[in-house]
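K.L.:
For the protein sequence lines, the chains are A and B, in the order given.
In terms of this note's numbering, the first sequence opens at residue 232 and continues consecutively.
In terms of this note's numbering, the second sequence opens at residue 25 and continues consecutively.
Please note that a few of the clues may not be correct.
Lysine-lysine pairs mimicking BS3-like chemistry, simulated, CA-CA at most 27 angstroms apart [claimed, not checked]:
#1 B/264 to A/276
#2 A/262 to B/180
#3 B/48 to A/276
#4 B/141 to A/264
#5 B/203 to A/264
#6 A/262 to B/44
#7 A/262 to B/48
#8 A/262 to B/259
#9 B/44 to B/264
Honestly, the hints are just simulated from the structure, not real lab data.
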Amino acid sequence: MSGTEVNGPVMLAVGYGLALVLYGGYWIYLKQKASHLETTLRRVKGSGN
Amino acid sequence: MTQQAAPETVHESSVAQSSKRTTKWLGIAVAVSIVAFAYASFFYAPEDGIQGSVQRIFYVHVASAWIAALAFFVVFVGSIGFLVTRNLRWDSYAGASAEVGLLFTSVVLVTGMLWGKAIWGVFWTWEPRLTSVLVLWLLYLAYVALRAYVPEPSRKARFSAVLGIVAFLDVPIVYLSVKWWRTLHPEQVIITEQGPQLPGQMIVALVVGLIAMTLVYVYFVRLRFNVNALEQQIKREVAK
């Protein structure tokens with residue numbers, strides 16, 4: 232069995248998996264940051280600052 | 025007595041609501057397009073006779089690379105826009121696009137290295153295409169770092185705009201590297217003088233990938249721009 236046959240499916244799965252982690256991770260980061268900032272903005276507005 | 029909101033506040037609020045709705049629908053379109061992309065790249069496109077299943081990494085790799093180039097073009101345009109008009113809105117779009125472009129380039133590097141390990145037997149080799157993409161990644165990492173460490177908005181925008189224009193010079197070098205130098209990296213198979221050198225089903229999978237990645241890019245830039253806007257709003261409220 233050649234190296235390509237051994238590594239190919241594994242590298243394919245790892246490649247798409249890591250792409251999903253990077254894109255998904257960034258999406259979660261932006262959602263969390265926006266949610267945190269919205270809470271902060273409400274608090275700042277509420278405090279009459 | 026009930027207090028009535030000022031007309032401009034009501035207007036801002038309705039604009040924000042409409043923007044949130046658009047972003048929500050865009051998110052749904054992204055989810056649907058990713059499912060279609062997964063189906064097209066794993067099931068619809070035929071298996072490559074020489075490379076086997078690992079060739080399917082090509083769809084996410086190439087689509088991400090094209091969108092990274094688009095993202096950096098937006099940074100380039102936004103940078104020129106800021107320097108001409110001195111309007112910080114241009115800078116905000118450029119900053120958001122650079123961060124998202126850096127993410128797409130990271131995916132390009134990771135998927136390319138994994139494909140290289142399966143086909144070449146090594147994760148990395150210092151050949152022109154790979155090296156110029158790494159330089160591109162480092163340039164935009166420097167751009168994002170610069171924005172994080174310069175606090176004063178107009179100085180940050182000015183420095184970023186200069187770097188955003190200079191860094192973009194590497195994009196055509198990356199694109200033309202496989203023509204200019206002898207490289208290990210496969211030559212272009214889509215944009216050639218003889219037309220696309222791929223079977224029709226593989227082209228369809230790539231086009232679906234390009235649509236999905238374009239939607240992801242627009243969605244992420246919107247979310248990032250929204251985060252920037254919220255940060256600015258908090259600063260304004262605190263300064264009142």
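K.L.:
None of the hints should be skipped; say for each whether it holds.
P.N.:
Here's how the hints hold up against the structure:
| no. | hint | in the structure |
| --- | --- | --- |
| 1 | B/264 to A/276 | holds (10 angstroms) |
| 2 | A/262 to B/180 | holds (25 angstroms) |
| 3 | B/48 to A/276 | holds (25 angstroms) |
| 4 | B/141 to A/264 | violated (36 angstroms) |
| 5 | B/203 to A/264 | violated (42 angstroms) |
| 6 | A/262 to B/44 | holds (12 angstroms) |
| 7 | A/262 to B/48 | holds (12 angstroms) |
| 8 | A/262 to B/259 | holds (20 angstroms) |
| 9 | B/44 to B/264 | holds (26 angstroms) |
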